[in-house]
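Participant: Sequence:
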Amino acid sequence: MKKICQFAVFVTLTCSLRAAENSSSGDPATNLFQANWQSIAAHYQVPEWYRDAKFGIFIHWGVYSVPAYHDEWYPRWMYKGDAKSRGEVFDYHLKTYGSQDKFGYKDFIPKFKAEKWDPAAWAQLFKASGAQYVVPVAEHHDGFAMYDSTLSPWTAAKMGPKRDLIGELRRAILAEGLHFGLSSHRAEHWWFFSGGREFPSDVQNPRYAGLYGPAQSNRKDLNNPEGKAFLEDWLARCTELVDKYQPELVYFDVVGGWSPEFQPYLQRFVAHYYNQAARLSRGVVVNYKSGLMPANTGVLDFERDVSDQARTNCWQTDTSVGRKSWSYIQDEEFKSPKQLINEFVDVVSKNGNYLLNIGPRADGTIPEEPRQLLLAFGAWLKVNGEAIYGSRPAALAVEGTAKLPPKGPGKDRLETPYTAADFRFTQKDGVLYAIALDWQADGGWNIKSLAPDAGLLLNGPIRQVSLLGSTEKLEWKQTATGLEIHAPSGRPCDSAYTFKIEAKLKTTSNK
26 MKKICQFAVF VTLTCSLRAA ENSSSGDPAT NLFQANWQSI AAHYQVPEWY
76 RDAKFGIFIH WGVYSVPAYH DEWYPRWMYK GDAKSRGEVF DYHLKTYGSQ
126 DKFGYKDFIP KFKAEKWDPA AWAQLFKASG AQYVVPVAEH HDGFAMYDST
176 LSPWTAAKMG PKRDLIGELR RAILAEGLHF GLSSHRAEHW WFFSGGREFP
226 SDVQNPRYAG LYGPAQSNRK DLNNPEGKAF LEDWLARCTE LVDKYQPELV
276 YFDVVGGWSP EFQPYLQRFV AHYYNQAARL SRGVVVNYKS GLMPANTGVL
326 DFERDVSDQA RTNCWQTDTS VGRKSWSYIQ DEEFKSPKQL INEFVDVVSK
376 NGNYLLNIGP RADGTIPEEP RQLLLAFGAW LKVNGEAIYG SRPAALAVEG
426 TAKLPPKGPG KDRLETPYTA ADFRFTQKDG VLYAIALDWQ ADGGWNIKSL
476 APDAGLLLNG PIRQVSLLGS TEKLEWKQTA TGLEIHAPSG RPCDSAYTFK
526 IEAKLKTTSN K
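Counting in our numbering, the sequence shown runs from 26 upward without gaps.
No wet-lab data here; the hints were simulated from the structure.
Every value quoted in this text rests on a predicted model; they were computed, and no experiment measured them.
Where is the CB? At the ideal position from N, CA and C, for every residue including glycine.
Check each hint, because a few of them may be wrong.
[Unchecked claim] In silico lysine-lysine, DSS-like type, Cα no more than 25 Å apart, as pairs: (1) K360 to K428; (2) K183 to K136; (3) K136 to K187; (4) K363 to K525; (5) K136 to K349; (6) K127 to K105; (7) K363 to K473; (8) K245 to K109; (9) K183 to K127; (10) K453 to K473; (11) K136 to K105.
[Said to hold, decoys possible] Pairwise CB distance ranges (calculated): (12) D519 to K187: 37 to 47 Å; (13) G515 to P319: 47 to 57 Å; (14) G455 to K253: 52 to 62 Å; (15) R196 to N471: 46 to 56 Å; (16) K531 to G316: 30 to 40 Å.
Just need the whole structure built from these sequences, with the hints factored in.
Facilitator: Shown next, in the form of structure tokens:
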């Protein structure tokens, strides 16, 4: 059978992109960013809205939410039978659904109905959580678009729910006054279904090439005609997303690094996106992983990881409420509100933003555990948001001896054993905020960095100290060993307690 070319539809939009890149040459504002990193770095600035926002919601929701087993990589593992790669998912699929040539990943699509989905209710929950921006996954590695794409029939608008899920959610998010972003994981689609080439499966059927894609075993070899077609298609899809849905943030996922052949296409996309934003007088963000883009061209993201020190440039942690998966699975283990909030405070103190992921069910409902975690965030931010929103790093970010888990992706699954001797600092409008990461009922706190002669945070004596969320007058004194604060009679919240300190501060400079 003649092989069906799955990328033929990219031509029209790619031509449109090239026309947009070359248009309006008489107006410098439309072509401020050229498609090279030097030009992009010279002109790009992280928008103030993003630096002020601090907290966003990430959403992994798709066809993989139907089997709801192991993690969002179910579509890869179901075609990988060797134990090294997750043979348990392969075996589970055989036992539960049958062989992969009879029931493949495509057969989950009709079961992905989103029949109970209420985008307005989602947006209201995100608003109640205190989040300022929302980033749904527009397309995961599985190649199924959650939006109304003109480049593929394998979309939620044409199959499954038969709704433009991204478009509907965008309208609901904007109606709540939140910022809207999108995530694309399309780059890994090049190799994601490669296991289906190794034994009889529907991945080998040309009828389904539009969903399963090239399914190449070599992740990084795109230096060939099929690779070029894939890269053109990737660029066309990303361009369609930003042109159609006007996101203020685009997040790129990377697994094991991108092929060098991606670089010119990525630079073309970033220049197009930033030029589009300049024409609209909007500030936008591209989140990238280490090694994908140079410094000062976007915002560096740490997946399930944090920085061990304050960073000059704004950065971001993305993590999930669950320890096992990004998407909904039936046996998820959820983190505690205390763990998440302490990690959030640590990130913000070090000049970072915090993107917290949830995984809705296939029917569009959000499970009770993540719902309660988001509401706990909202309750905490109602008390302590003054020290978070619009804040900037203080001259010192950290006091304390708690050790972070070993550095690397996945460290967030382990809870850092913070004590009442651990503090994180932020500052805003000439006020210092010292956030204690645990309560100290007996004897109160001593903040060593605020000793008169420490010279770390202050340029003068302390005038006043108060506890956010409490009307009780604090007993405090500045001694040679630090700022001593006696504990009030009650806690204003359930974790991470913020002391507002009025004094002359040391200056600091962060981007």
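Participant: Now look at each hint and say whether the structure bears it out.
Facilitator: Hint-by-hint comparison with the structure:
1. The straight-line distance between the Cα atoms of K360 and K428 is roughly 19 Å, inside the 25 Å bound, and the hint therefore holds.
2. Between K183 and K136 the CA atoms are separated by roughly 14 Å; this keeps the pair inside 25 Å, and the hint holds.
3. Straight-line distance between C-alpha atoms of K136 and K187 comes to about 12 Å, which keeps the hinted pair within the 25 Å bound.
4. For the suggested pair K363 and K525, the alpha carbons sit about 21 Å apart, so the restraint of at most 25 Å is met.
5. For the given pair, K136 sits about 23 Å from K349 by alpha-carbon distance, which is consistent with the 25 Å threshold.
6. Pair hint K127 plus K105 holds up; C-alpha atoms about 16 Å apart against a cutoff of 25 Å.
7. In summary, the hint linking K363 to K473 is supported, as the alpha carbons are separated by about 24 Å, within the 25 Å threshold.
8. At most 25 Å may separate the alpha-carbon atoms for a hinted pair to count; K245 and K109 meet this at roughly 21 Å.
9. Restraint check for K183 and K127: satisfied, since their Cα atoms lie roughly 23 Å apart, inside the 25 Å limit.
10. For the proposed pair K453 and K473, the alpha carbon gap of about 21 Å is at most 25 Å, so the pair holds.
11. Pair hint K136 plus K105 holds up; C-alpha atoms about 22 Å apart against a cutoff of 25 Å.
12. At roughly 43 Å, the beta carbons of D519 and K187 sit within the given window of 37 to 47 Å.
13. Distance hint check for G515 and P319: the Cβ-Cβ separation is about 50 Å, which falls inside the suggested range of 47 to 57 Å.
14. For G455 paired with K253, a C-beta distance near 55 Å keeps the hint of 52 to 62 Å intact.
15. At roughly 51 Å, the beta carbons of R196 and N471 sit within the given window of 46 to 56 Å.
16. Checked against the given bound of 30 to 40 Å, the beta carbons of K531 and G316, roughly 34 Å apart, stay inside it.
Hint violations for this structure: none, all hints satisfied.
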